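**Q** For reference, the chains in residue letters:
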Amino acid sequence: MKLTVKKEQLQKALQKVTNIIGSKSTLPVLGNVLFEAIGNKLILTTTDLEIRITTTIEAQVQREGKTTIPAKKISMLVSKFIDDEVFLDCNEKHHTDIVCGTANFKMLGLPDDDFPSPVDFAPIKSIKFKEMDFLRILDQISYAVSLDDSRKVLHGILCSIKDNTFTAVATDGKRLALVERVPEEFAGQEGDTIVPLKSAIELKRILEKDGNVTLEFGDKQARFRTEGVEIFTKLIEGNYPNYRQVIPAGFTKSIDIPVKTFIAKLELVSIALTDSSAFIKLKLANNKMEFLAASSNVGEGEDHIDIDYDDEMLDISFNPAFLADPFKHCDADKMMLKLNDSFSPVALESGDGFLYVIMPMRNR
Amino acid sequence: MSRINVLPESISNKIAAGEVIERPASVVKELVENSIDSGATRISVNIEQGGVKLISVTDNGSGMDQDDAIMCFEPHATSKIAKDEDIFNILSFGFRGEAIPSIASISRFTLRTRTHDALEGTEVYVQGGRMIKEQPMGCAPGTEIIIRDLFFNTPARKKFLRAQSTEEKHIQESLMMLSLPYPQITFELFMDGRRVFSSAAHDTLTPRLKTYFGSELADNLLPVSFSDSEISIDGFIARHGFSRNSRREQRVFVNGRPVEALAVYNGIRDGYGSLVDKGRFPPVVLFLRVDPQMVDVNVHPAKREVRFRKSRNITNAVCEAIRMVLRNSSAPTVSVDSSLSLKNILDGVRIDYAPREENLTFEFHEGHDEPRENQPVRPVPSFRGFPASSVFARQSQNEAETIKAIPDDTGENTPPVHAESPDQTPSAAVPPPDNVNMIEFTGFGDLQILGFLDRTYILCVAANGMVIIDQHAAHERVMYEKLLKAAEDKSILSQQLLLPVTVELSRSEAAFIEKRRELFESLGFDVEALGDTTVMVNAIPASMHQNNAGTVIKDMLSDLVEDGRVNKDLDLAAVARASCIAAVKAHDRLTFEEARSLLRQMARCELPYSCPHGRPTVINVSYKELEKRFGRR
Ligand SMILES: Nc1ncnc2c1ncn2[C@@H]1O[C@H](COP(=O)(O)OP(=O)(O)O)[C@@H](O)[C@H]1O
Ligand SMILES: [Mg+2]
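Those protein sequence lines, which keep their order, are chains W and E. The first sequence begins at 1 in the numbering used here and counts up one residue at a time. The second sequence begins at 1 in the numbering used here and counts up one residue at a time.
Isolated chain W (complex conformation):
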């Protein structure tokens, strides 16, 4: 393998693929990036055996070939290079000369034969979104994914397609975030799949302003493709809980909430809180929403916003972080708060297919 690439492009490509590389892998080759020079292309691949990321950039290839190079070192190296072009030349012992301007390195790699090859993949459905749109979807819900991986199915995002509508759901059992969108294109079977949080995060990293992303799902694997990058991932097996069941069929009260003011007041009043068992109380009455917070070691705070509400007086308490999350990830000016009483699930809707359901806290 012998080639020349633009430093800028190589650096970007490495950033895209090296995030999944962990330090504790038992297989040394997993700490390396697979370099493949074919035609006028350089293909970079990494894998942690769960996820495989591949990106392709242009290169002047003098001699086709493959090798693997330690990911951390080459990333560091390339990011520090000053000149525009990087020259790579790999011998049969997988020693690669890396030259940029006056800098000259030799890096010891591992044979490309050791690098795991991709598994066969047969998609049964394919969904296409604008990259920007899909990024929004992930942004709107991924904070609600359970961090606890002992309940496996909740440690991922449910991607469901039915009646030409794509639904993404995330929940940690205490709150749930959901987005419904119509994709640009859809072909194949309807059904549910669960994408691991980690893969969703990798996907988020590669999504850009323009262009499309194609999501292809098989039984146990999925492939996400954008211009120049491909993510291949295992799916989480198992049944996602029946989330429709926990969304209340109807609400007796609904209130328009100004997003910016709400989050500002919430943050303000939360300054009175310190510890993790903190809660914030909303008091609804007389066209006002009061925010109340108190903690034994700081003190207390309150503020309010004007709302349209003249129903019965209602006190309802929340985990402040759970309450803030959907507002922080909301593009709209307003959200609709829907509720029945102080202890049943409460919903937030932003009108663009986003729905958030949160369980209030309760004093016993």
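The set of hints was computed from the structure by calculation and includes no laboratory data. Hints should not be assumed to be uniformly reliable.
Not the full set, but computed from the structure, chain E residues with beta-carbon under 10 angstroms of chain W [stated by the list, open to error]:
(1) Ser243
(2) Ser543
(3) Arg604
(4) Val621
Here the structure is a predicted model, which means the values were calculated and not measured. Yeah, the Cβ is synthetic: ideal placement off N, Cα and C, and Gly gets one too.
Keeping the supplied structure of chain W fixed, place chain E with the ligands upon it in accordance with the hints.
**A** Okay, now just chain E with the ligands, sitting in the frame of chain W:
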């Protein structure tokens, strides 16, 4: 003037059957008690062949005149009770007037005694209960009693004696116990010519405690002093962190007399509460003074057991006395044996949590410069690649958590909703090591955090050394106290679950939940049994951040199970303890600010120095210790 009277029948009848002389130690006890009663300031005990050959007790007390020297061999002869009512007001040891005659009947007994104002003394020799001779004799003021050939005429008894070394141990223990309430008396013990101990009179008990129990324990004893209208309690209790697997070192005295009293043991147990594991006993030396009328000493004449009239009050007083001390005490001073590596010491006090994924890593925060109040608030830099957390950030780090910090990744990190303004950085006044002997620190608030070790320990600088805090144990303690307090105030908040979870448990575990549902509820859980072995969790305490409520319940029960069963009588504290353990099981990294907040919360804890299971939360390594290890001293 002679002082000994023979008890009228009526009184002697009220007294329970005579104490049996079981073994040489019983003789020592009786004789030394008499010496103490005689007002001696120096008592010397000499033993040969474990007491079988010879026991001699010499004192410089009042001594006896000639009449009393003879009279004391009469059964029920005593100078200590004159009237019927006296028997209920006994403060001195002897009251039965039968020790001397009993001992004299089974040995060759020599008594030499002289009162201080007499010109000469008296010698009496009694053998097997028969007086052989009585004669005037020149001797020092006080009393010397020599017992030879104990049990010589009761071969059956003699057979029951244990090995000499065992009998010697009993004698030593017995004398030690007798001497503890009397620091102002000098005690000496010799065995076969060898000095076992000699403990000089002193104003305080401390030197004696050191002599008897070694400085390791003595240095970790805290003085107790408590009194109310009914009782006064003095003595010493071990800092928690020191416990034994038997009650042997819980030494209790009532009105100067070593006793075994359930009411007191219960008070000790309650006083330490969660600081001590079940089946462990912190060493204590407690001297109780109560109105003698309140004590029934005759529960079992051969044993030391006593009962109290208002035993609940005694238990409460002891508990309160201990709590008062522990509340104000600092961390245990773990004496770091230089032959042990620090790692071993840490391991010794560590609580096991989830397996750690990485090798020992030492993370240093950038300097110790937290933002000060007058500086612009900026995120506290940390090596984790995400900023210091706040109430919000903690929940919003889903992604940051998953993303490994790679060199130029900045985009994904969710900034905290707001930055907490941290406390003023404490000035770490480090005095020169020269005048540092103690390794106590004044409080958690004064600690300056250096960094984190192995995601488990917080390393801090205190005024005179290093303080290592087990973050999980500390966290458990903080949660535990909060939880119990909230349960008391009925201010516990539950986070209801949008998706309730079912958990499979053993029958006994499920039955426990079913039966004691109210315990779980008062802590913020909403659990219901669905079948014999299935339980549904509908809500968990708001303070628990676990997303998997099922695991929480499982972890809790595994903490409560003992020998495969859950004891149905477990109380709220036990369940609260279990829930705290379950809550902090996650091996989470702390940010600098979180660690500071943890320390601040520790400072507000009632018993901050150990986790609810009684393991230490904190150990200190003093400069002195470091100097020792580095060979500077
Ligand atoms: N060491 C001693 N010094 C002075 N008097 C003693 C001593 N030992 C015994 N006596 C006298 O002998 C009496 C009898 O002793 P004892 O049989 O032990 O009965 P008690 O101690 O119950 O009175 C005591 O009351 C005391 O007057
Ligand atoms: Mg006596």
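**Q** Could you run down the list of hints and mark each one as holding or not?
**A** Hints, one by one, checked against the model:
With its C-beta approaching chain W no nearer than about 31 angstroms, E/Ser243 sits outside the 10 angstroms limit, and its interface hint is violated. At about 3 angstroms, the closest approach between the beta carbon of E/Ser543 and any beta carbon in chain W falls short of 10 angstroms, and the interface hint on this residue holds. A cut of 10 angstroms between beta carbons decides the hint on E/Arg604: the least distance to chain W is about 7 angstroms, and the hint holds. The interface hint given for E/Val621 is broken, as the beta carbon of that residue sits about 29 angstroms from the closest beta carbon of chain W, more than 10 angstroms.
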